[in-house]
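Numbers in my numbering are just positions in the sequence shown, counted from 1, shifted up by 5.
These are calculated hints, taken from the structure and not from any lab test.
Bear in mind that the values here come from a model prediction, so they are computed numbers and not experimental data.
Be a bit skeptical, because a hint or two may be false.
What the hints assert, rightly or not - Once the Cα atoms are required to be at most 20 Å apart in a straight line, the calculated PhoX-like pairs of lysine-lysine come out as:
{"hint": "1", "residue 1": "Lys204", "residue 2": "Lys139"}
{"hint": "2", "residue 1": "Lys64", "residue 2": "Lys76"}
{"hint": "3", "residue 1": "Lys204", "residue 2": "Lys62"}
{"hint": "4", "residue 1": "Lys75", "residue 2": "Lys24"}
{"hint": "5", "residue 1": "Lys204", "residue 2": "Lys24"}
{"hint": "6", "residue 1": "Lys24", "residue 2": "Lys76"}
{"hint": "7", "residue 1": "Lys113", "residue 2": "Lys75"}
{"hint": "8", "residue 1": "Lys182", "residue 2": "Lys64"}
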Amino acid sequence: MSLKSIITSRKSIRSFTDKPVPDDIIEEIFSVAQSSPSNCNVQPWHSYVVSGDKKEKLKNVFLAELMAGKKPNPDFNWSVSYQDEHRKRQIGAAVSLYGALGIGREDKQERQMAMVRNWQFFGAPHVVFFTMRKYLDIMGAVDIGIYAQTLALLMQEKGIGSCMQGALGQYPDPARKLLDIPEERGILFGMSFGYADEKAPENKIEVGREALGDAVQFHK
Numbered sequence: 006m007s008l009k010s011i012i013t014s015r016k017s018i019r020s021f022t023d024k025p026v027p028d029d030i031i032e033e034i035f036s037v038a039q040s041s042p043s044n045c046n047v048q049p050w051h052s053y054v055v056s057g058d059k060k061e062k063l064k065n066v067f068l069a070e071l072m073a074g075k076k077p078n079p080d081f082n083w084s085v086s087y088q089d090e091h092r093k094r095q096i097g098a099a100v101s102l103y104g105a106l107g108i109g110r111e112d113k114q115e116r117q118m119a120m121v122r123n124w125q126f127f128g129a130p131h132v133v134f135f136t137m138r139k140y141l142d143i144m145g146a147v148d149i150g151i152y153a154q155t156l157a158l159l160m161q162e163k164g165i166g167s168c169m170q171g172a173l174g175q176y177p178d179p180a181r182k183l184l185d186i187p188e189e190r191g192i193l194f195g196m197s198f199g200y201a202d203e204k205a206p207e208n209k210i211e212v213g214r215e216a217l218g219d220a221v222q223f224h225k
């Protein structure tokens with residue numbers, strides 16, 4: 006695959022098969038991703054890849070927290086409220102997803118259940134939590150985003166689907182405890198990954214992209 010086709014074919018996968026990705030392929034992908042650029046080469050990322058029984062245990066703890074009505078307590082600021090064209094794009098993506106799932110706008114319970122699937126990792130056999138030392142703030146977050154994108158494209162090259170999930174940074178306590186993450190290190194977000202369920206309707210949706218002229222200005 007060309008880099009162009011890898012980028013344009015990648016999409017957020019929200020339903021996975023239970024087939025695990027071989028350990029040697031996972032290690033190869035994460036090893037190559039170490040070449041991701043970062044400001045002053047600080048390489049702020051510290052990733053926690055969770056699979057197998059530990060992933061299932063973590064999923065169950067997340068669900069217990071949600072069922073108990075616990076409020077989000079993210080390590081970093083997730084309080085942004087989208088406005089203007091950003092809000093329109095957010096709504097458009099939600100309409101596409103819930104439409105594919107056959108969930109009406111008025112069906113709040115089904116929408117909530119669809120949201121809960123974030124903490125079930127959409128059935129993926131693997132999930133990675135992206136962490137960094139909390140003091141790094143926005144500078145570290147930029148580098149982590151670049152690193153996560155590198156991972157997603159490397160996975161796409163090998164036919165492995167992924168889904169970036171800000172939701173996995175909203176309840177850090179279960180992962181911190183189970184994975185023994187130091188308090189000085191915060192969970193920014195996570196990414197579920199594995200092989201896509203090609204029959205799932207939520208994996209067939211297409212979301213649009215803005216025209217080049219609306220996103221880029223060229224100056225000479």
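In rising order, the numbers of the hints this structure does not comply with: 1, 3, 4 and 6
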